[in-house]
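A.B. asks: Spelled out, the chains give:
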Amino acid sequence: MKLRAAAVVVALVGLGIATYLTIVHYAGSSPVCAIAHGCATVQKSDYAKLAGIPVAVLGVIGYLGILACLVRDSEATRTAAAFLAIGGLGFSGWLTYVEVAKIDAICIWCVGSAICMALLAGLTIARVLTSPPELAQVR
Amino acid sequence: MSKSERAQRREQRREAERAATAAAARRRRIRMLLGAGGLAVVLVVAGIAISASGGKAKPSPAATGSAAKVVAGIPEKDGVLGDPKAPITLTEYLDPQCPICAEASQQTMPTIIKDYVRTGKVKLQARTLSFIGPDSVRAAKVAAGAGQQGKEWAFLESFYAAQGEENSGYVTDDFLTDVLKAAGADPGKALAFADGASAQEALDQADAQAQGLKIDSTPSFTVTRNGDEKVVAVGLDDLQNKLEAALS
Chain U
530 MKLRAAAVVV
540 ALVGLGIATY
550 LTIVHYAGSS
560 PVCAIAHGCA
570 TVQKSDYAKL
580 AGIPVAVLGV
590 IGYLGILACL
600 VRDSEATRTA
610 AAFLAIGGLG
620 FSGWLTYVEV
630 AKIDAICIWC
640 VGSAICMALL
650 AGLTIARVLT
660 SPPELAQVR
Chain R
1368 MSKSERAQRR
1378 EQRREAERAA
1388 TAAAARRRRI
1398 RMLLGAGGLA
1408 VVLVVAGIAI
1418 SASGGKAKPS
1428 PAATGSAAKV
1438 VAGIPEKDGV
1448 LGDPKAPITL
1458 TEYLDPQCPI
1468 CAEASQQTMP
1478 TIIKDYVRTG
1488 KVKLQARTLS
1498 FIGPDSVRAA
1508 KVAAGAGQQG
1518 KEWAFLESFY
1528 AAQGEENSGY
1538 VTDDFLTDVL
1548 KAAGADPGKA
1558 LAFADGASAQ
1568 EALDQADAQA
1578 QGLKIDSTPS
1588 FTVTRNGDEK
1598 VVAVGLDDLQ
1608 NKLEAALS
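So the protein sequences, as listed, match chains U and R. Heads up: take any position in the first sequence, counting from 1, add 529, and you land on our numbering. Heads up: take any position in the second sequence, counting from 1, add 1367, and you land on our numbering.
Treat the hints with caution; some may be incorrect.
[Said to hold, decoys possible] If you want the footprint, here are the derived chain R segments under chain U, 3+ residues with CB under 8 Å: (1) 1393-1400; (2) 1437-1447.
[Stated by the list, open to error] Derived pair list, reagent style DSSO-like, types lysine-lysine, alpha-carbon separation capped at 30 Å: (3) Lys1370(R) x Lys1488(R); (4) Lys1481(R) x Lys631(U); (5) Lys578(U) x Lys531(U); (6) Lys1370(R) x Lys1481(R); (7) Lys1444(R) x Lys631(U); (8) Lys1436(R) x Lys1481(R).
Keep in mind the hints are simulated off the structure, nothing from the lab. Virtual Cβ for every residue (Gly too), placed ideally from N, Cα, C.
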């Protein structure tokens, strides 16, 4: 239960970040950024979209998916949440690499989201590994 | 076998069954997790492949061809575009690789150039910084070379239109030659100037001026009246209104 509650809190934080970046993206403005220049540079870069979809929108979808998986507790939803979090962590890792190695600018919001995904990956994997046997019967 | 021994064996059997069930459940969970993780990795790799190939395609000469028209016909001397007698100087601190500078050049600067520079009210000056990386340094030096021919702004506009992936090494002499041609500059002269000490001096001077005004991001705009230079806008936020308010 503690793992689930912690995952919900982290997913809500991540959802807040992704929602903010999505609003900023469509408003055409620059994110409030602690490190001058970085956020806007990252947001305007070619890597800010995946197949035409802003990565911030993908983040919103990912966090909503994880939250949806946390609503109902079964082995399947635990596995699905872990799947989304591992995928999210992998893609966040790639974007962080791109920021450092290719764009040469750090977006503190994106780093925050990557940290949320890393925490969620740990929490959701722990939930799968510690599932009580009776959850296998829940459909 | 006594009754208590039978009960003990039964209990041991149940215990073994429970342990086997728990072990099987754990194996199943690990299999599910590995499956989910594996699928996630496959999707992430596919996403990375799409993302990595989503960078700008190699700029085509056609993309650079028309960009310089925005400054066509306006006199330029020492990187200052417009009437040298204009009482106000608008200075843009830029990096040729900065995507927001390119956006500003497409969204805001055409109106500013048309309404203020072409009319002789304002002269426009470029301070070319190069903090994004090595491709910026080379581009900034060549921009200074184009400036020697009165083509710095035409070069910058053409460069923005052909901007590639930051620091990917795309700013080659071939690329710069295409951009210089699109700007109407002599590529041989501009590239030769870029190799000399004067080009580095131009970069150092721009850096020093930016530091003096505590400018650490691009694009940043200053307005100079009676020798007094003040920062009036940073970034794209409300840029048009800020510039018009500062210039009016």
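A.B. asks: It remains to establish, for every hint, whether it holds in the given structure.
C.D. replies: Structure-based check of each hint:
Counting residues of the region 1393-1400 of chain R whose beta-carbon sits less than 8 Å from any beta-carbon of chain U gives 6, enough to reach three: the coverage restraint holds. Closer than 8 Å: that is the beta-carbon criterion, and the region 1437-1447 of chain R has 0 residues meeting it against chain U, so the requirement of 3 is violated. Distance hint between Lys1370(R) and Lys1488(R) is unfulfilled; the C-alpha atoms sit about 110 Å from each other, more than 30 Å. Distance restraint check for Lys1481(R) and Lys631(U): the Cα-Cα separation of roughly 35 Å exceeds the 30 Å cut-off, and the hinted pair is therefore not satisfied.
Our distance criterion of 30 Å between C-alpha atoms is broken by Lys578(U) and Lys531(U), whose separation comes to about 35 Å. About 104 Å separates the Cα atoms of Lys1370(R) and Lys1481(R), which puts this hinted pair outside 30 Å; it is violated. Note on Lys1444(R) and Lys631(U): the hinted pairing is violated, with a Cα-Cα distance of about 35 Å set against a maximum of 30 Å. Only pairs whose Cα atoms come within 30 Å are accepted, and Lys1436(R) paired with Lys1481(R) is accepted, the gap being roughly 11 Å.
The structure shown violates the earlier hints numbered 2, 3, 4, 5, 6, 7.
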